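Sequences and hints are given; from them, build the entire structure.
Chains as they are written, first to last, in our numbering: chain A, 1 to 151; chain B, 152 to 251.
Derived from the structure by calculation, the hints contain no laboratory data. Just so you know, these numbers come straight off a predicted model, no measurement behind them. Be a bit skeptical, because a hint or two may be false.
Straight-line alpha carbon distances no greater than 27 angstroms define the calculated DSS-like cross-link-like pairs of lysine-lysine that follow [to be verified]: (1) Lys42/A - Lys216/B; (2) Lys202/B - Lys57/A; (3) Lys42/A - Lys195/B; (4) Lys195/B - Lys111/A; (5) Lys76/A - Lys111/A; (6) Lys57/A - Lys216/B.
Going by beta-carbon spacing under 8 angstroms, a handful of chain B positions derived as facing chain A [unchecked claim]: (7) Asp197; (8) Tyr198; (9) Ala208; (10) Arg214; (11) Lys216; (12) Ile217; (13) Gln234; (14) Lys238; (15) Leu243; (16) Leu245; (17) Pro247; (18) Tyr248.
Pairwise CB distance ranges (calculated) [what the hints assert, rightly or not]: (19) Ala208/B - Glu16/A: 25 to 31 angstroms; (20) Pro212/B - Glu16/A: 19 to 25 angstroms; (21) Glu44/A - Gln234/B: 35 to 41 angstroms.
No residue lacks a Cβ here, since even glycine has one placed at the ideal position from N, Cα and C.
One letter stands for each residue in the lines below.
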Amino acid sequence: MSTARQYELVYIVTPEATEQEIADLHTQIEQIVERFGGVFDKTENWGRKRFAYDIGKHREGTYVVETITGSGELMKEIDRRLRVLDQVIRHLVVRVDAELRVAQRTTDARKAFVGRRRVARGLPAERQPGEGKGDGDNDGLDDMDGVGGQR
Amino acid sequence: MREERGGGGRGGGRGGDKKEGKGGDAPRRGFFRRRRVCKFCAEKIDYVNYKDVRLLAPFLPERGKIQPRRISGTCALHQRKLQVAIKRARQLALIPYVTD
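In structure tokens form, the structure reads like this:
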């Protein structure tokens, strides 16, 4: 089926959980993904982080980010499962493929546009190293929040 | 509020150069304010990542509210994306809903 979509799953495990428990949780999710015929793209453990606000009685937790390609039913099952588990304080499922595709298209379009303009000016389409001022990036645009008013 | 904004934009477009010119002069009266550029357009960021706290932090003043477009200078497209990213980050306790 062509319903394969890419999702990002972020979940927060209690700080009391041991490494083993976190690994177990990961295998559990992996099994669900397998059962539904999804593909596990990558997993990332951010380690223990302090929360910006207290969740229940917790002040910190272990963040785990997983990227999964699969169907909506698969994510529904994972969502349901994580909701039940006590060690998981909070979780978030986000569908990312559409957003990333849009972002990629914008990047490509800009590249093509710049390339066309450069060719029209008789330059090679790609920016050469050491060409022009700066790197095409902006210096001094980072201090946008109100500092400029002092000039 | 959003409607008001849209109406204003349209009005400005219809008014043509005259009106825009006036708007350009206005800030000079008080104190000089630099023309603000959308950070995401300037740095060519197409995808606003909700996991990147350092990217979102400049758009959250002390109270933790989302900074309005008129202050930050973010373009409408990116403000919309930023808004979603901030709300996701809030759910994950990466950034606060409110700070007192």
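How the hints compare with the structure:
{"no.": "1", "hint": "Lys42/A - Lys216/B", "verdict": "violated, 33 angstroms"}
{"no.": "2", "hint": "Lys202/B - Lys57/A", "verdict": "holds, 23 angstroms"}
{"no.": "3", "hint": "Lys42/A - Lys195/B", "verdict": "holds, 26 angstroms"}
{"no.": "4", "hint": "Lys195/B - Lys111/A", "verdict": "holds, 11 angstroms"}
{"no.": "5", "hint": "Lys76/A - Lys111/A", "verdict": "violated, 38 angstroms"}
{"no.": "6", "hint": "Lys57/A - Lys216/B", "verdict": "holds, 24 angstroms"}
{"no.": "7", "hint": "Asp197", "verdict": "holds, 4 angstroms"}
{"no.": "8", "hint": "Tyr198", "verdict": "holds, 4 angstroms"}
{"no.": "9", "hint": "Ala208", "verdict": "violated, 10 angstroms"}
{"no.": "10", "hint": "Arg214", "verdict": "violated, 13 angstroms"}
{"no.": "11", "hint": "Lys216", "verdict": "violated, 14 angstroms"}
{"no.": "12", "hint": "Ile217", "verdict": "violated, 13 angstroms"}
{"no.": "13", "hint": "Gln234", "verdict": "violated, 14 angstroms"}
{"no.": "14", "hint": "Lys238", "verdict": "violated, 11 angstroms"}
{"no.": "15", "hint": "Leu243", "verdict": "holds, 6 angstroms"}
{"no.": "16", "hint": "Leu245", "verdict": "holds, 6 angstroms"}
{"no.": "17", "hint": "Pro247", "verdict": "holds, 4 angstroms"}
{"no.": "18", "hint": "Tyr248", "verdict": "holds, 6 angstroms"}
{"no.": "19", "hint": "Ala208/B - Glu16/A: 25 to 31 angstroms", "verdict": "holds, 29 angstroms"}
{"no.": "20", "hint": "Pro212/B - Glu16/A: 19 to 25 angstroms", "verdict": "violated, 35 angstroms"}
{"no.": "21", "hint": "Glu44/A - Gln234/B: 35 to 41 angstroms", "verdict": "violated, 25 angstroms"}
Violated hints, listed in ascending order, are 1, 5, 9, 10, 11, 12, 13, 14, 20 and 21; each of the other numbered hints is respected by the structure.
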